[in-house]
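Peer 1: Position chain B against the provided structure of chain A, taking the given hints into account.
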Amino acid sequence: MTQNLKPQDREDPEKKLDLTKLKPYGDSMNDGKVQVSFTLPVKISLKAIEAAKYLAVKMGLRDPLVAHSQDLDNGFSFFIIYGELKHNIDYTNINVSAIDLEIMSLKEINNFIKKKFKRKLIVIGASTGTDAHTVGIDAIMNIKGYAGHYGLEGYEMIKAYNLGAQVSNEEFVKKAIEENADILLVSQTVTEKNIHVQNLTHLVDLLEAENIREGIILICGGARISNNLAKELGFDAGFGSGTSPEMVATFFVKEMDRRLNS
Amino acid sequence: MIEKKKGDINQRSKLDLDQKKIESARKLANKIALKTQNVIEQYTTTSIERSVCRLLGIDGVDNYNVPLPNLVVDQVQRANKLEKGVALFIGNAMLSEQDSPQRIAGSISRGEIDITSLNFNDIDSIKRILINKSKERLNLIEKKSSQRQELLKKYGEKSGPYIYVIVATGNIYEDITQAKAAARQGADIIAVIRSTAQSLLDYVPYGATTEGFGGTFATQENFRLMRNALDEVSEELGRYIRLTNYCSGLCMPEIATMGALERLDVMLNDALYGILFRDINMKRTLIDQYFSRMINAYAGVIINTGEDNYLTTADAYENAHTVLASQFINEQFAFLTGLKEEQMGLGHAYEMDPSIENGFLYELAQAQMSREIFPKAPLKYMPPTKFKTGNIFKAHIQDALFNMITIITDQKIHLLGMLTEAIHTPFLSDRALSIENAKYIFRNLKNLGDEISFKKNGIIQKRAKEVLDKAYKLLEEVYSLGLFDTIERGIFAGISRNINGGKGIEGVIKKDVSYYNPFIDLMQKKLFRGDK
Numbered sequence: 001m002t003q004n005l006k007p008q009d010r011e012d013p014e015k016k017l018d019l020t021k022l023k024p025y026g027d028s029m030n031d032g033k034v035q036v037s038f039t040l041p042v043k044i045s046l047k048a049i050e051a052a053k054y055l056a057v058k059m060g061l062r063d064p065l066v067a068h069s070q071d072l073d074n075g076f077s078f079f080i081i082y083g084e085l086k087h088n089i090d091y092t093n094i095n096v097s098a099i100d101l102e103i104m105s106l107k108e109i110n111n112f113i114k115k116k117f118k119r120k121l122i123v124i125g126a127s128t129g130t131d132a133h134t135v136g137i138d139a140i141m142n143i144k145g146y147a148g149h150y151g152l153e154g155y156e157m158i159k160a161y162n163l164g165a166q167v168s169n170e171e172f173v174k175k176a177i178e179e180n181a182d183i184l185l186v187s188q189t190v191t192e193k194n195i196h197v198q199n200l201t202h203l204v205d206l207l208e209a210e211n212i213r214e215g216i217i218l219i220c221g222g223a224r225i226s227n228n229l230a231k232e233l234g235f236d237a238g239f240g241s242g243t244s245p246e247m248v249a250t251f252f253v254k255e256m257d258r259r260l261n262s
Numbered sequence: 001m002i003e004k005k006k007g008d009i010n011q012r013s014k015l016d017l018d019q020k021k022i023e024s025a026r027k028l029a030n031k032i033a034l035k036t037q038n039v040i041e042q043y044t045t046t047s048i049e050r051s052v053c054r055l056l057g058i059d060g061v062d063n064y065n066v067p068l069p070n071l072v073v074d075q076v077q078r079a080n081k082l083e084k085g086v087a088l089f090i091g092n093a094m095l096s097e098q099d100s101p102q103r104i105a106g107s108i109s110r111g112e113i114d115i116t117s118l119n120f121n122d123i124d125s126i127k128r129i130l131i132n133k134s135k136e137r138l139n140l141i142e143k144k145s146s147q148r149q150e151l152l153k154k155y156g157e158k159s160g161p162y163i164y165v166i167v168a169t170g171n172i173y174e175d176i177t178q179a180k181a182a183a184r185q186g187a188d189i190i191a192v193i194r195s196t197a198q199s200l201l202d203y204v205p206y207g208a209t210t211e212g213f214g215g216t217f218a219t220q221e222n223f224r225l226m227r228n229a230l231d232e233v234s235e236e237l238g239r240y241i242r243l244t245n246y247c248s249g250l251c252m253p254e255i256a257t258m259g260a261l262e263r264l265d266v267m268l269n270d271a272l273y274g275i276l277f278r279d280i281n282m283k284r285t286l287i288d289q290y291f292s293r294m295i296n297a298y299a300g301v302i303i304n305t306g307e308d309n310y311l312t313t314a315d316a317y318e319n320a321h322t323v324l325a326s327q328f329i330n331e332q333f334a335f336l337t338g339l340k341e342e343q344m345g346l347g348h349a350y351e352m353d354p355s356i357e358n359g360f361l362y363e364l365a366q367a368q369m370s371r372e373i374f375p376k377a378p379l380k381y382m383p384p385t386k387f388k389t390g391n392i393f394k395a396h397i398q399d400a401l402f403n404m405i406t407i408i409t410d411q412k413i414h415l416l417g418m419l420t421e422a423i424h425t426p427f428l429s430d431r432a433l434s435i436e437n438a439k440y441i442f443r444n445l446k447n448l449g450d451e452i453s454f455k456k457n458g459i460i461q462k463r464a465k466e467v468l469d470k471a472y473k474l475l476e477e478v479y480s481l482g483l484f485d486t487i488e489r490g491i492f493a494g495i496s497r498n499i500n501g502g503k504g505i506e507g508v509i510k511k512d513v514s515y516y517n518p519f520i521d522l523m524q525k526k527l528f529r530g531d532k
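Chains as they are written, first to last, in the working numbering: chain A, 1 to 262; chain B, 1 to 532.
Only chain A is shown next, with the shape it has when bound in the complex:
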């Protein structure tokens, strides 16, 4: 990396990566370059473009460039803006409770279940509430899985039920009781107006009302889900995008083992 820097850069402390002052990267260190796009509910005009620029400044962008602006409809205009973010963040001071586990393989997970629990684990998954997308839950549960990773249906020691999309929380809890589930997986892919938060909280409430929350490992996943958010909402874990079935399975078998055997 260093050999690519020009001589003047090498001496400039501003151009060095400083994890206590982390900034976005465009094409050189600490340039802070970001792109934002948004719509304003006013007709396109020089004034509207100026307003977009001021908003960008308020967002913390230095030298905002309105790279593109266009009319969307009478009374709506669209902007693409580039600028330098003046803010930075102390990376060394960020704590996320990311699920930090050594991911086991399918075979290891099956063996772990055989050895520790001596029975199949029952997993029920669904995309609950108004969400019609099954992509998340399918990636984790369908035998086909995702990117070459078999889903939970393909695990010998897991009995997996994928209820699909738009499952009401009530229906989901009913199935959990019927099947005596060990683990519940909830997927929230597309949501609007933060309805997923309400929906997830409602599920926790229902499980508590039925007195089965304690006995279940409750996990949610989705593009907008973080482990932090999940825990805040009363889940045992939350997984974001790019999660493999093995990651989820490793978490729940270890968690179950911790609960039973410690």
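These are calculated hints, taken from the structure and not from any lab test.
The structure displayed is predicted, hence computed values, not measured ones.
From the three backbone atoms N, C-alpha and C, an ideal C-beta is built for every residue, glycine too.
It is possible that some hints are incorrect.
Unchecked claim - What the simulated footprint calls covered on chain B by chain A, stretch by stretch (three residues with Cβ under 8 angstroms from a Cβ of chain A suffice, anywhere in the stretch; the number is not a length):
hint, segment
1, 56–70
2, 288–295
Unchecked claim - Straight-line C-alpha distance at most 30 angstroms; calculated DSS-like pairs for lysine-lysine:
hint, chain 1, residue 1, chain 2, residue 2
3, B, Lys503, A, Lys174
4, A, Lys23, A, Lys115
5, A, Lys120, A, Lys254
6, B, Lys503, A, Lys175
7, B, Lys135, A, Lys43
8, B, Lys133, B, Lys510
9, B, Lys473, B, Lys394
10, A, Lys175, A, Lys254
11, B, Lys153, A, Lys43
12, B, Lys20, B, Lys376
13, A, Lys43, A, Lys114
14, A, Lys23, B, Lys439
15, B, Lys511, B, Lys31
16, A, Lys47, B, Lys439
17, B, Lys394, A, Lys86
18, A, Lys174, A, Lys254
19, B, Lys526, B, Lys14
20, B, Lys14, B, Lys35
21, B, Lys376, B, Lys503
22, A, Lys47, A, Lys16
23, A, Lys175, A, Lys114
24, B, Lys376, B, Lys14
25, A, Lys33, B, Lys14
26, B, Lys35, B, Lys473
27, B, Lys14, B, Lys439
28, B, Lys81, B, Lys153
29, B, Lys446, B, Lys473
30, B, Lys31, B, Lys470
31, A, Lys159, B, Lys31
32, A, Lys53, B, Lys20
As the list claims (entries may be wrong) - Simulated restraints on C-beta separations:
hint, chain 1, residue 1, chain 2, residue 2, range
33, B, Asn444, A, Glu208, 35 to 43 angstroms
34, A, Asp18, B, Glu174, 54 to 62 angstroms
35, B, Gly494, A, Glu156, 17 to 25 angstroms
Peer 2: Only chain B this time, still in chain A's reference frame:
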């Protein structure tokens, strides 16, 4: 500008498909549909009877917001007389009370009359009064249909794909703002997404609504408000903007009726969708589908079928033939109700895993295949959704490839893909960017389809042949099992449903010999013989 020569595409097979096989597949599908039709015709449903009420002019709700059509049908069902059809009781009450269906329904709602316990008048006079009333009401629907024809004549029909976009704010007035904006940006069809799980309600909500989840309730008033708004914007733009809503679900024929009365142009109408994805009882919804498609046919509405949905659960490469087989069956069911080919928006989708090598070629083969097998149908082509991620930049390119297939293979109802598909319901800007993408590609590639032919026995021809062969085998299997058994075995979309399970089975009623529904006869007369 060079005009596209449609005939070329329709008459010559670029795929060198086996025409005899297509012919036999149609015959098989016809036998499958007829076999099912024999069962369908023995039954009526509560929702069909409620549609008869609506067709006779009964509308509105009581003090508890229960729709009057439900109250009327409930009264007859409670007396265990629904097997005769609700019409006879309404006709009889019209004679005895010398009053209109709507006022009689009002009396029922106030508990003032029981139409099942009145003395029966002479059956011929009952039928006569019903036929007169029905003709008067069907005239209203015909007026709406000719109004559409006049507007299309005035503005001219668009050649090339119709750009179809959705609005889904939950609030009809906000939907109108978005719909008008979308039309101005270039959309040709506006679909108002319904509130989540409305398909499972066994009644139709009433009036203008402003609160829905993930969509807006389908009500007759919402239909009317949106149609008016689109008429305004059509006038402004000099283009006819079509309106779509959904009638699949427990109220399929009732919503078809409302759509006919309010000049909707396109309606999603698919029993299989309800069975597989909403767990609606298969008998209930296939029976409902028959009557609702007849209404759609009569009103000049284009139906959209939901085969594309199979590929959201099953693999799009491996299960392409299930889509084709279902299209064959849906076509035959539609013919039986009097729908013309020009009204059959058979569904399919661009849903293959983007990591498949030559995926674009397979999609091209399949889209061209649907086009050649159903040359007159305004095919409904769905965009990629399953493999969309939060990477909006990639998603925009996925949509670009999809747009290319549409213009190359001459698809008609083009559901526009959104770059933010995997994130949220579309922002105003998402829709604008997606429309811009589609228009750019449609303009630049306009006549590409006319210019290219496919290599003999190349990847594309072979793929189409393979899908047709597999679809044919599947149709043979469906024929030997029967449609009900096929669904029970989970052959479509990998989802299995039980013939006596699912929602709405309590609303299925075996018809008595005396069963009477004036609309079936009147509509059939016109649809099959061209009489007025």
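Peer 1: Could you run down the list of hints and mark each one as holding or not?
Peer 2: Okay, the hints, checked on the actual structure:
1. 56–70: With 0 residues in contact (Cβ-Cβ under 8 angstroms with chain A), the coverage given for the segment 56–70 of chain B is violated.
2. 288–295: violated (count 0)
3. Lys503(B) / Lys174(A): Satisfied, since the Cα-Cα distance of roughly 17 angstroms is no more than 30 angstroms.
4. Lys23(A) / Lys115(A): Roughly 47 angstroms between the alpha carbons, so the hint for Lys23(A) and Lys115(A) is violated.
5. Lys120(A) / Lys254(A): 15 angstroms, holds
6. Lys503(B) / Lys175(A): Given that 30 angstroms is the threshold and the Cα spacing comes to 17 angstroms, the pair holds.
7. Lys135(B) / Lys43(A): Status violated; Cα separation ~50 angstroms.
8. Lys133(B) / Lys510(B): 26 angstroms, holds
9. Lys473(B) / Lys394(B): 37 angstroms, violated
10. Lys175(A) / Lys254(A): 24 angstroms, holds
11. Lys153(B) / Lys43(A): At roughly 33 angstroms apart (the allowed maximum being 30 angstroms), Lys43(A) and Lys153(B) break the hint.
12. Lys20(B) / Lys376(B): With Cα atoms ~19 angstroms apart, Lys20(B) and Lys376(B) stay inside 30 angstroms; holds.
13. Lys43(A) / Lys114(A): 65 angstroms, violated
14. Lys23(A) / Lys439(B): 38 angstroms, violated
15. Lys511(B) / Lys31(B): 23 angstroms, holds
16. Lys47(A) / Lys439(B): 29 angstroms, holds
17. Lys394(B) / Lys86(A): Within the cut-off at roughly 29 angstroms; holds.
18. Lys174(A) / Lys254(A): Measuring from Cα to Cα gives roughly 26 angstroms; hence the hint holds.
19. Lys526(B) / Lys14(B): 37 angstroms, violated
20. Lys14(B) / Lys35(B): Distance of about 34 angstroms is beyond 30 angstroms: violated.
21. Lys376(B) / Lys503(B): 35 angstroms, violated
22. Lys47(A) / Lys16(A): With a Cα-Cα distance of about 39 angstroms, the restraint between Lys47(A) and Lys16(A) is violated, given a limit of 30 angstroms.
23. Lys175(A) / Lys114(A): Status holds; Cα separation ~25 angstroms.
24. Lys376(B) / Lys14(B): 16 angstroms, holds
25. Lys33(A) / Lys14(B): Outside the cut-off at roughly 50 angstroms; violated.
26. Lys35(B) / Lys473(B): 18 angstroms, holds
27. Lys14(B) / Lys439(B): Since the Cα atoms of Lys14(B) and Lys439(B) sit roughly 25 angstroms apart, the hinted pair holds (cutoff 30 angstroms).
28. Lys81(B) / Lys153(B): 47 angstroms, violated
29. Lys446(B) / Lys473(B): 36 angstroms, violated
30. Lys31(B) / Lys470(B): OK: Lys31(B) and Lys470(B) at ~18 angstroms, within 30 angstroms.
31. Lys159(A) / Lys31(B): Roughly 40 angstroms separates the two Cα atoms, so the pair is violated.
32. Lys53(A) / Lys20(B): It is violated: about 65 angstroms lies between the C-alpha atoms, which goes past 30 angstroms.
33. Asn444(B) / Glu208(A): 35 to 43 angstroms: Distance hint for Asn444(B), Glu208(A) is violated at roughly 57 angstroms.
34. Asp18(A) / Glu174(B): 54 to 62 angstroms: 47 angstroms, violated
35. Gly494(B) / Glu156(A): 17 to 25 angstroms: Given range 17 to 25 angstroms: holds, Cβ gap about 21 angstroms.
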